[in-house]
Amino acid sequence: MDSKEYLHKTDSKKKSEVKLTVSEGTVLMKFLLAQIPYKNRDNFKTLLFDKQIKVDGEIVTWYNYPLTPGQEVTVGWDKTPPVKQYIGVKIMFEDQYLIVIEKNTGVLSIATEKEKVQTAYSILSRHVKVQNPSNRIFVVHRIDRETSGVMVFAKSEEIQLKLQENWNDTILERTYLAVVEGEIDRPKGTIVSYLRESIALIVYSSNKSTEGQKAITNYKVVQKNARYTLLEVNLETGRKNQIRVHMQLIGHSVIGDKKYGSTVNPISRLGLHAQVLSFTHPISKEPMRFETPIPKAFLKLF
Numbered sequence: 021m022d023s024k025e026y027l028h029k030t031d032s033k034k035k036s037e038v039k040l041t042v043s044e045g046t047v048l049m050k051f052l053l054a055q056i057p058y059k060n061r062d063n064f065k066t067l068l069f070d071k072q073i074k075v076d077g078e079i080v081t082w083y084n085y086p087l088t089p090g091q092e093v094t095v096g097w098d099k100t101p102p103v104k105q106y107i108g109v110k111i112m113f114e115d116q117y118l119i120v121i122e123k124n125t126g127v128l129s130i131a132t133e134k135e136k137v138q139t140a141y142s143i144l145s146r147h148v149k150v151q152n153p154s155n156r157i158f159v160v161h162r163i164d165r166e167t168s169g170v171m172v173f174a175k176s177e178e179i180q181l182k183l184q185e186n187w188n189d190t191i192l193e194r195t196y197l198a199v200v201e202g203e204i205d206r207p208k209g210t211i212v213s214y215l216r217e218s219i220a221l222i223v224y225s226s227n228k229s230t231e232g233q234k235a236i237t238n239y240k241v242v243q244k245n246a247r248y249t250l251l252e253v254n255l256e257t258g259r260k261n262q263i264r265v266h267m268q269l270i271g272h273s274v275i276g277d278k279k280y281g282s283t284v285n286p287i288s289r290l291g292l293h294a295q296v297l298s299f300t301h302p303i304s305k306e307p308m309r310f311e312t313p314i315p316k317a318f319l320k321l322f
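Per our numbering, the very first residue in the sequence shown carries number 21; after that it's consecutive.
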């Protein structure tokens, strides 16, 4: 089908879907991008997640679904439902293997022995059980309760292990935004030390390799004034409380972080947000990138 003809039909208020015939063996995403060039991968991923695409009349949600000549692909253009949002958690992406979320500050990743409150894990467990009571969720990594931002969960133990066992190779980018106390003069820098956790669950930094696990934090100044500095922080390692400890180490604690030396809390929350998470999909091997906006509370300080 000619793309102009397709555009004409889909722009019509009377037309809510289009049917395309497969002429050669390929996979669904490649086919859609070739047939509908003015749409991108994210557009089609949204349609797949919202069950707007069918192959021979059957709903398909996997973008690497194999196609053979003669099959009919139907693309629906009905208004799609909004992103599924729960109190404290917004689902950014979901397929049969993974769920990617944006977690609010104050929400635990998973319950601890001391606290049995609602967590990102418990919310997502209920979410997947709606479709099938036997469905489960598996934790891949954690971010601090006080930190907001992007997280990924697995839908099976196999996928959990694939991600965790190859975590450093799988992760392509981990970018945080941090608001710290004071004005940092250097436009960028790298912090290297060795971190260990005490019995009291406080993480300490040392310059001796025998006293902890190596931690590397890269930072770049985004905005600053006399009172605060907004940093873009990239992690080469993912140790517990790494950014918080390293910011204290250079004399610029994350705002609201009383545990690690902060004396101010101007926005009534920790000034730390996991903005970007990029990783290689464990099955398709396709690079995935998820980004969230800067929290409005951060911007009000500058």
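I should point out that these hints are in silico values taken from the structure, not numbers from a laboratory. Check before you lean on any hint, since a few could be wrong.
[As the list claims (entries may be wrong)] Using 27 Å as the maximum straight-line C-alpha spacing, the simulated DSS-like pairs for lysine-lysine come out as follows:
1. LYS279 - LYS305
2. LYS50 - LYS74
3. LYS175 - LYS208
4. LYS182 - LYS240
5. LYS305 - LYS182
For this session: Could you grab the alpha-carbon distance between LYS279 and LYS305 and see if it respects the 27 Å cut-off?
Result: violated (39 Å)
Problem set entry | Pair hint LYS175 and LYS208, alpha-carbon separation not exceeding 27 Å | violated (38 Å)
Exercise. Can the restraint linking LYS50 and LYS74 be considered satisfied, given a maximum Cα separation of 27 Å?
Worked result: holds (15 Å)
Problem set entry | Agreement of LYS305 and LYS182 with the hint, judged by alpha carbon distance not exceeding 27 Å | holds (12 Å)
Exercise. Do the alpha carbons of LYS182 and LYS240 lie within 27 Å of each other, as the hint requires?
Worked result: At roughly 32 Å apart (the allowed maximum being 27 Å), LYS240 and LYS182 break the hint.
Of the numbered hints listed earlier, those contradicted by the structure are 1, 3 and 4.
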